[in-house]
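**Q** Mind docking chain Y on chain W? Use the hints.
These are the residues of each chain, in order.
2 protein chains.
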Amino acid sequence: MGLSGVRIGYFSRSWRLQLYFFTANFSLRPSTMVSASSLIGVDSRSLKKGDPAPDDLRPGQFRIYSMRFCPFAERALIYLAKKGIKAEVVNINLSEKPDWYFKKHPEGKVPALEYNGNIVVESAIIPQYLDDLLPETSVLPKDPYERAKQRILLEQLSSFIGAVYGVFRATPEDRQAKEERLHTELAKAESLLEKEYFGGDHAGFADYMIYPFYERLALFAGQSGDHAGFADYMIYPFYERLALFAGQSGAQSLHKEDFPGRQQYHRLTKWFRNMQSLPEITAAQQPPEMLTQYLHGYIKGIADYDLGL
Amino acid sequence: MGLSGVRIGYFSRSWRLQLYFFTANFSLRPSTMVSASSLIGVDSRSLKKGDPAPDDLRPGQFRIYSMRFCPFAERALIYLAKKGIKAEVVNINLSEKPDWYFKKHPEGKVPALEYNGNIVVESAIIPQYLDDLLPETSVLPKDPYERAKQRILLEQLSSFIGAVYGVFRATPEDRQAKEERLHTELAKAESLLEKEYFGGDHAGFADYMIYPFYERLALFAGQSGDHAGFADYMIYPFYERLALFAGQSGAQSLHKEDFPGRQQYHRLTKWFRNMQSLPEITAAQQPPEMLTQYLHGYIKGIADYDLGL
Numbered sequence: 001m002g003l004s005g006v007r008i009g010y011f012s013r014s015w016r017l018q019l020y021f022f023t024a025n026f027s028l029r030p031s032t033m034v035s036a037s038s039l040i041g042v043d044s045r046s047l048k049k050g051d052p053a054p055d056d057l058r059p060g061q062f063r064i065y066s067m068r069f070c071p072f073a074e075r076a077l078i079y080l081a082k083k084g085i086k087a088e089v090v091n092i093n094l095s096e097k098p099d100w101y102f103k104k105h106p107e108g109k110v111p112a113l114e115y116n117g118n119i120v121v122e123s124a125i126i127p128q129y130l131d132d133l134l135p136e137t138s139v140l141p142k143d144p145y146e147r148a149k150q151r152i153l154l155e156q157l158s159s160f161i162g163a164v165y166g167v168f169r170a171t172p173e174d175r176q177a178k179e180e181r182l183h184t185e186l187a188k189a190e191s192l193l194e195k196e197y198f199g200g201d202h203a204g205f206a207d208y209m210i211y212p213f214y215e216r217l218a219l220f221a222g223q224s225g226d227h228a229g230f231a232d233y234m235i236y237p238f239y240e241r242l243a244l245f246a247g248q249s250g251a252q253s254l255h256k257e258d259f260p261g262r263q264q265y266h267r268l269t270k271w272f273r274n275m276q277s278l279p280e281i282t283a284a285q286q287p288p289e290m291l292t293q294y295l296h297g298y299i300k301g302i303a304d305y306d307l308g309l
Numbered sequence: 001m002g003l004s005g006v007r008i009g010y011f012s013r014s015w016r017l018q019l020y021f022f023t024a025n026f027s028l029r030p031s032t033m034v035s036a037s038s039l040i041g042v043d044s045r046s047l048k049k050g051d052p053a054p055d056d057l058r059p060g061q062f063r064i065y066s067m068r069f070c071p072f073a074e075r076a077l078i079y080l081a082k083k084g085i086k087a088e089v090v091n092i093n094l095s096e097k098p099d100w101y102f103k104k105h106p107e108g109k110v111p112a113l114e115y116n117g118n119i120v121v122e123s124a125i126i127p128q129y130l131d132d133l134l135p136e137t138s139v140l141p142k143d144p145y146e147r148a149k150q151r152i153l154l155e156q157l158s159s160f161i162g163a164v165y166g167v168f169r170a171t172p173e174d175r176q177a178k179e180e181r182l183h184t185e186l187a188k189a190e191s192l193l194e195k196e197y198f199g200g201d202h203a204g205f206a207d208y209m210i211y212p213f214y215e216r217l218a219l220f221a222g223q224s225g226d227h228a229g230f231a232d233y234m235i236y237p238f239y240e241r242l243a244l245f246a247g248q249s250g251a252q253s254l255h256k257e258d259f260p261g262r263q264q265y266h267r268l269t270k271w272f273r274n275m276q277s278l279p280e281i282t283a284a285q286q287p288p289e290m291l292t293q294y295l296h297g298y299i300k301g302i303a304d305y306d307l308g309l
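Chains as they are written, first to last, in the UniProt record's numbering: chain W, 1 to 309; chain Y, 1 to 309.
Just chain W, with the same shape it has in the complex:
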């Protein structure tokens, strides 16, 4: 999971954290209201080499070291938003990491969660930590088998991540193979989606963990490296800039307006639409046109962490 500017896949893991409501006796009282404002500093400029470290946290405060466009970060942000945890977001410039950051995370990766002098890392572990810490807002179910099912689903759905970035990085020669692999993964996900959500009737752990990757794939849907189609120009103003990206491949066989495509992936298409409208998702995500622009830059080796700020 390198953080260099060469790969678009697995490039980083980050989050936006949230300050915590405190009661007089230091017990935690999380809000159950999802609110974007609970992620304080989501769009702060990323700190880079030479920038001073942020102030020490007070007991009970949460801080997340993040990067605005990182899907692993987004996993945690969604979860924090869902649980109504207030947290300070500190964005890290992953190309020029501040020296002090290696004291927070020995490998300098994001996301990392700081709380009461402890650091928790890894985008799928931070959510489980938050659920253990605040069981009253646990997203993971209480029932042991249902908990296990959510973890198994995440494991089963995770091969999709590699397939998404395979398509992002596809060359004209291997695009067909990469798209075929992607469709194998989509078909698997479709078959695993027994109810409205992977979590059942509500969005759950597995939904939140995998959504950021669907979100990124959706931005590439219908797009070809050779030409921009009708949908490309219609959906996001950003696509007016598509000419810049000639020679790159996209997920041509997916539908942008109807992602990933109701006919072939009826349940997944409905799932994606449902997920998009959840307040914990909108609280955590960057505007699609911004994310698209970032991703196209990243593919070209120019990762602008402060894009649009």
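These aren't lab readings, by the way, just hints derived from the structure by calculation.
Wrong hints could be hidden among the right ones.
Copies of the same chain look alike in the list, so a pair counts if it works inside one copy or between any two.
[Unchecked claim] The calculated DSSO-like cross-link candidates involving lysine-lysine, where the alpha carbons are at most 30 Å apart (straight line), are:
1. K86 <-> K97
2. K49 <-> K188
3. K142 <-> K300
4. K103 <-> K195
5. K86 <-> K49
6. K86 <-> K142
7. K188 <-> K48
8. K103 <-> K142
9. K86 <-> K188
10. K97 <-> K188
11. K300 <-> K48
12. K188 <-> K103
13. K300 <-> K49
14. K270 <-> K103
For clarity, every value in this text was computed on a predicted model and none was experimentally measured.
**A** Relative to chain W, chain Y alone:
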């Protein structure tokens, strides 16, 4: 994580399960005594295509679908032994899987845990499920941060697994690079080992999850593809058969008698010796000479799941 006979790495995930003590009102009462006999049928012949399915389980009974030499299986067996859970072990022939097994695990992999009509899969998820199910014998700590630390450690230690199998599969050309990568991983593990165990003063989740891979590496320590050294012949009678494996590489730069080597890896060497003597380890493991023989066969594409039976 394919199960074909071609790769030695990640080849399967299995377990040995255990029957459960039942009280009159169906509450679970696990024994806290580690006992090899709680793993019923550990050394049963593997079931293959054409063999009938085992009988349906009664409520409250545990069954683990396993393979005797699989390190992922061993993770679960160790955990079951540690928690004193009685379980029936059903070994699966991974080259010729019985048709009925695909109803238990859609991909036909091991381990899979069956209990009260539910199936739980994945070698790191089954232990967490068992801890959730039987919190009174939880190996994962109660404290949320300590729990997270165990999960993070497992994540950090897991790159070691690929390095081990890299060494097993090394060719004369890339052996040096593969051994260097292995030593990088060993040095990382050494630095992460702050106390006697990765779990602190006691063996914990991360210890149990990673131990099976050290165990397998230890069997190759000091061994060279070009010649068998003093240690090779001394430690295991099996090594008298080493001539068979000429051309294969081993982890020449590690010490067999003092694995992985007290001078370079003081803490890890002590850790390995401590782990070896734990009753939950001895309950779960195959005799070293048997495992070595299996591994050498596996490398050559001949996986004998029923070796020695």
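**Q** For K103 and K195, with the copy left unspecified, which applies at a CA distance of at most 30 Å: within, between, both, or neither?
**A** between (43 Å within a copy, 21 Å between copies)
**Q** Can you give me the call for K142 and K300, within, between, both or neither, at a CA distance of at most 30 Å?
**A** Intra 44 Å, inter 46 Å, cutoff 30 Å: neither.
**Q** Up to 30 Å between alpha-carbons, please classify K86 paired with K49: within, between, both or neither.
**A** For K86 and K49, the Cα distance is within 30 Å only inside one copy (27 Å; across copies 55 Å).
**Q** As a check of your reading, is K188 near K48 (CA-CA no more than 30 Å) within one copy, between copies, both or neither?
**A** Only across copies: K188 and K48 sit 27 Å apart there, 40 Å inside one copy, limit 30 Å.
**Q** Is it within a copy, between copies, both, or neither that the alpha carbon of K86 lies no farther than 30 Å from that of K142?
**A** Close inside one copy (24 Å) and across copies (24 Å); limit 30 Å.
**Q** With identical chains, the pair K97 and K188 could be close in the same copy or across copies; at 30 Å between alpha carbons, which is it: within, between, both, or neither?
**A** between (38 Å within a copy, 22 Å between copies)
**Q** Treating 30 Å as the Cα threshold, decide for K300 and K48: within, between, both or neither.
**A** within (21 Å within a copy, 51 Å between copies)
**Q** Is it within a copy, between copies, both, or neither that the alpha carbon of K86 lies no farther than 30 Å from that of K97?
**A** Result: close within a single copy only, 25 Å intra versus 51 Å inter.
**Q** One pair to classify: K86 and K188, alpha carbons no more than 30 Å apart. Within, between, both, or neither?
**A** Intra 36 Å, inter 34 Å, cutoff 30 Å: neither.
**Q** Indicate which option fits the pair K188, K103 if close means a Cα-Cα distance not exceeding 30 Å: within, between, both or neither.
**A** between (40 Å within a copy, 16 Å between copies)
**Q** With 30 Å as the alpha-carbon cut-off, assign the pair K49 and K188 to within, between, both or neither.
**A** between (43 Å within a copy, 25 Å between copies)
**Q** For K300 vs K49, is the C-alpha pair at or below 30 Å within one copy, between two copies, both, or neither?
**A** within (23 Å within a copy, 51 Å between copies)
Of the numbered hints listed earlier, those contradicted by the structure are 3 and 9.
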